[in-house]
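Protein chains in written order, with the working numbering: chain A, 187 to 463; chain B, 187 to 463; chain C, 187 to 463.
For the record, the hints were derived by calculation from the structure and aren't laboratory data. Everything hinted at is true.
If several chains are the same, the list does not tell them apart, and a pair holds so long as it fits within one copy or across any two.
Below, computed lysine to any residue pairings styled on SDA-like, alpha-carbon distance capped at 20 Å:
hint, residue 1, residue 2
1, Lys-455, Ala-412
2, Lys-250, Leu-388
3, Lys-455, Val-363
4, Lys-365, Leu-382
5, Lys-455, Tyr-416
6, Lys-353, Lys-365
7, Lys-261, Thr-427
8, Lys-335, Arg-242
9, Lys-261, Leu-295
10, Lys-455, Asn-424
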Amino acid sequence: MPRSWPEKRRSMTRKSAINIIAAIASSALASGSWAQDRKSTIGRKSTRMQARNDSRAVAPALDKYAQGPIAELWKRPGLTPRDRSIVTVSALIARNLAGEMAHEMNLALDHGVKPRELSEIITHLAFYSGWANGMSAVDVARNVFATRKIGTDQLPQVSPSLLPLNKEAEETRATSVEKQFGSVSPGLVQYTTDVLFRDLWLRPDLAPRDRSLATVAVLIAAGQSAQIPYHLNRAMDNGLTQTEAGEVITHLAFYAGWPNAFSAVAVAKEVFERRPR
Amino acid sequence: MPRSWPEKRRSMTRKSAINIIAAIASSALASGSWAQDRKSTIGRKSTRMQARNDSRAVAPALDKYAQGPIAELWKRPGLTPRDRSIVTVSALIARNLAGEMAHEMNLALDHGVKPRELSEIITHLAFYSGWANGMSAVDVARNVFATRKIGTDQLPQVSPSLLPLNKEAEETRATSVEKQFGSVSPGLVQYTTDVLFRDLWLRPDLAPRDRSLATVAVLIAAGQSAQIPYHLNRAMDNGLTQTEAGEVITHLAFYAGWPNAFSAVAVAKEVFERRPR
Amino acid sequence: MPRSWPEKRRSMTRKSAINIIAAIASSALASGSWAQDRKSTIGRKSTRMQARNDSRAVAPALDKYAQGPIAELWKRPGLTPRDRSIVTVSALIARNLAGEMAHEMNLALDHGVKPRELSEIITHLAFYSGWANGMSAVDVARNVFATRKIGTDQLPQVSPSLLPLNKEAEETRATSVEKQFGSVSPGLVQYTTDVLFRDLWLRPDLAPRDRSLATVAVLIAAGQSAQIPYHLNRAMDNGLTQTEAGEVITHLAFYAGWPNAFSAVAVAKEVFERRPR
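Chain A with its partners taken away, still in its complex shape (with noise of 0.2 Å):
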């Protein structure tokens, strides 16, 4: 609403200032020090009773949700909680949600992603989602290798040498692209073809079904549903199951949102349905 609308922007800065100083007073306490709670980022159990307290002061249910069916949605078989992760870490990178990014990084790193794998699925949706989006994850991955001790010993080689190329595959793609769009956009073509499939998708430290799995993740996530049968039966090409492209979609209900999971689904059963199973 107009008659006010310019004084919320100062009043949020100077909350966001309150906020702030009060996050450092009240972690002081509870911890002693910073140092303690820099570590207690890891085991995550001391703030843990606060932080339950803080969402049932505005909505009581999500933690009934939160213990219920999320709970339960990462313990379906039909999707290792690994492959949960990526799709979790993915999704927000997509949508730039920088709040929740942090925990899911450090679950996906406790659940089996290697951090030169996290460290790719960065480098590679600095691409799909947009170089702005990669830097915010970079910010976020920082604080927690930093905490976590992870060295760059740990971090892939920035040129290492490439997985073997699909040479028939790949200039049927560029061939493809070429001829549709060449005269339309040729830089895209180009570099699409230079820079993404034989360069950054032959990077070694990231399977390439895995890459798959974060691509189709981005796509469902930001509702980008054009592009969702080509990534979608490469994925399916590159070793994920029908099963578990139908698990990424119920997983990214809760996390991307019901909207797009519904989009989603009804491109992926006509992309189900023109493959032979």
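Using the hints, position chains B and C against chain A.
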């Protein structure tokens, strides 16, 4: 531009710190103490002049549009200020625009949205815009509720008696969705029935018509056109008029951008044409 | 994952506080005073090494891509650096990616975008990407302008003399939109005419061609494919060439993600085919 892409990141962090300190300082100057300043987030008068100066320092015409067409928008007869607030808050949650959220939540409460209704809107949108969006909204609302001394006695119960289910309509829906998507994503189909339509939608502290209003606002604001027909029809079944629906689109032109409004109006036209008035 | 979902929220707040304090401390150490540090946001040299170290601590290949293909991108002949900056800033505003925004606004000014033009881009995008996105951009630009000592004398007037209206074309547009959507959302139709096409688009401090460039960038960056045909045609009527449009898509592959670029190139192809060169 790449020559310096990484620099901005650190300078932003530092600039944020400077802004926060500046905000603390100016707050202390303006209101004498943080305690007083906290109080002023209800009145929202003391900082208005300063904030209008801020926008005038960048884009002077924005204040003119705020005082002109946007002020007029909120007074248009097609939708009550209360409904406009539900639409605005829902759009901000869907787009995770935390900067404006506290102000609009305060305004919603001023416009007669009950705390228990705002609580249910957040719970509802944790499912319709994604869990992390819901959590961001919890963070903002926690401060709004604390400032207004809204206690848990004004919030919905965790597990209240649910509204009666329209069994026939719900079975038609469930059967249709199962038939369409049961083999593609069985988990999605199951959770949609169990968690959404036989639980969330029946929670009594937000009227089904208002739940629909929030849902439709999210779909328009997030550009999820493919999901609008089902939910716009459901909203009208729940009592939203075509005039109100048209005015929701007008309102969201300002709050979610013209392109989303134009994509929505084309879908709404088709929905209206297929539906007897 | 739900077992601990609420914990992360508090730990993030605390971690943000720690980061901010750390940034203040490191800033003080590095540059001796905040005043000096503020100045360095123009030069942007002193912190570059540190920031590159940050990305190397997470995703070492990103720096390689920044120094390679992205550096090359900005030098491609199809679009001037000034136009690329308009496209980049518009994409960040559309996606509310505040983290990169200050840097890209500074770069835009370095590339010859006038302060009054940047001001008008923000005003324009408050309507084309939503009011709250515009307000976020105001917040960032306020600091950029203050740091560069850009005063209100360099900003557009609130109500300047408008550019002449092409009455015939505008009446054709208005009549067509009224006929299509006048009974669905009369308010949308009215505001589109009064506020957008007979006011905002005629403001003289941003050329119609540049206004179109920003609008098309927003549509591509936000994945609003359905609105691309009208505005891409309008952009070409306003002087954008097909080569430039194709290069906008190439540019946005990096800055808004590959999927948005591929959705856009398919639409652009159709638009180009229906339009005589």
